[in-house]
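**Q** Sequence:
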Amino acid sequence: MTAPDDTGAGGRPVRAPAARRLIEHRLFWPAAVLAALLAGNVVFTHDFLAVRVQNGHLYGSLIDVLQFGAPLILVSLGMTLVIATRGIDLSVGSTVAIAGALACEHIATAKDPGSVSTVLSAIAVAVGVAAGIGLLNGFLVARLGVQPIVATLVLMVAGRGVAQLITDGQIISVSSSAYKMIGGGYWLTLPFAVLLAAALVAVTSLVTRRTALGLLIESVGGNPVASRLVGIRAAGLLVMVYVVSAVCAAVAGLMISSNVSSADGNNAGLWIELDAILAVVIGGTALTGGRFSLGGTVLGALTIQTLSTTIYTLGVPPETTLVFKALVVIVVCLVQSPAFRARLSRRRRTAAPDPASAADDLTARRQEVHP
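So the sequence shown is numbered by our numbering: it starts at 1 and just counts up by one.
Heads up, a few of these hints could be off.
Simulated restraints, written as ranges between beta carbons of each label pair [what the hints assert, rightly or not]: (1) Gly40 to Arg343: 21 to 27 Å; (2) Asp112 to Ala212: 19 to 25 Å; (3) Leu188 to Val260: 41 to 47 Å; (4) Thr321 to Ile149: 24 to 30 Å.
These are calculated hints, taken from the structure and not from any lab test. On a predicted model such as this, the values are computed, not experimentally measured, just so you know. All residues carry an ideal CB built from backbone N, CA and C; glycine is no exception.
Model the full assembly from the supplied sequences, consistent with the hints where possible.
**A** Okay, here's the thing in structure tokens:
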């Protein structure tokens, strides 16, 4: 991760100090920002970090952050892979709405809404349609050469309309304990949504880091021309990452709709694509493509969710919530920027000159006056 900063005797590389290596680690700043937010919440809410057991379930603000942040983690997970290929997926919010609408519509019109088979078929329909949306996005980008932001912007607008057509512009309510389990249920004392999100993150990390898939994705995003020349089939990889992004968004949509036992085609997943992009950036993945960090993305998503929780805890007026959130995100991005930190460091060195050099200058001036 960290290149040697000097050479010793015989040209041997000298490793940087441990503190410097820690600061230069890609996960340091996302983790530091998240820790700072949690510490700030403790100042205003002393029992913010407290976790208690009630009715066999874990409860507390930390558990709420994990539970409500699970959908964002999934959307950000798929967004990370897309951004790693130098793309963007603005249609994930609409995919969230479509998946929730399809599942709730299927359950509401079924003969036995509470049965497990009905819920499983609803999940299959939602995920299948989402995979089709991902295929369409991938086809437009990889085969027709449409710019990713344009291709996904079309489905961002049209998909929201499709979701409202499915719900007929109404909020569809369902009553199914099996479906409620996805986003609002508990298993092994933890919210099932947290366990599901952790499992999908673990599988994605295993596939991208224990096989050549992650390296191929980074190659396509880092240097598309070189990857094509060495025989990498970039088109298939592009289609795949957009399908994965859409499927992750569909699972997030199932979580959101099942947690409230209803589907709202107009508001479900609204602007979640922007939060996902922010989470990816906070996690250290560059929008220019190439290397990506799934761990950083998870920390970024938790930071965004913790920030939202902090805003509500502090009682920030609703009309200024987005402004407050934007200011904090700007500060976070500046803190993570190596160029910004280097500029601050140079200014500090300029403002505070070295005492030894100042003494040498004073001695030289005295010698000029009294030779």
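**Q** Next, verify each hint and record whether it holds.
**A** Hint check:
1. At about 26 Å, the beta-carbon gap between glycine 40 and arginine 343 stays in the expected band of 21 to 27 Å.
2. Judged by the Cβ atoms, the range 19 to 25 Å given for aspartate 112 and alanine 212 is violated: they are separated by roughly 45 Å.
3. One distance hint, 41 to 47 Å for the beta-carbon pair leucine 188 and valine 260, is violated here, with the actual separation near 23 Å.
4. The hinted window of 24 to 30 Å between threonine 321 and isoleucine 149 holds, with their beta carbons roughly 26 Å apart.
Checked against the numbered hints given earlier, this structure breaks hints 2, 3; the rest are met.
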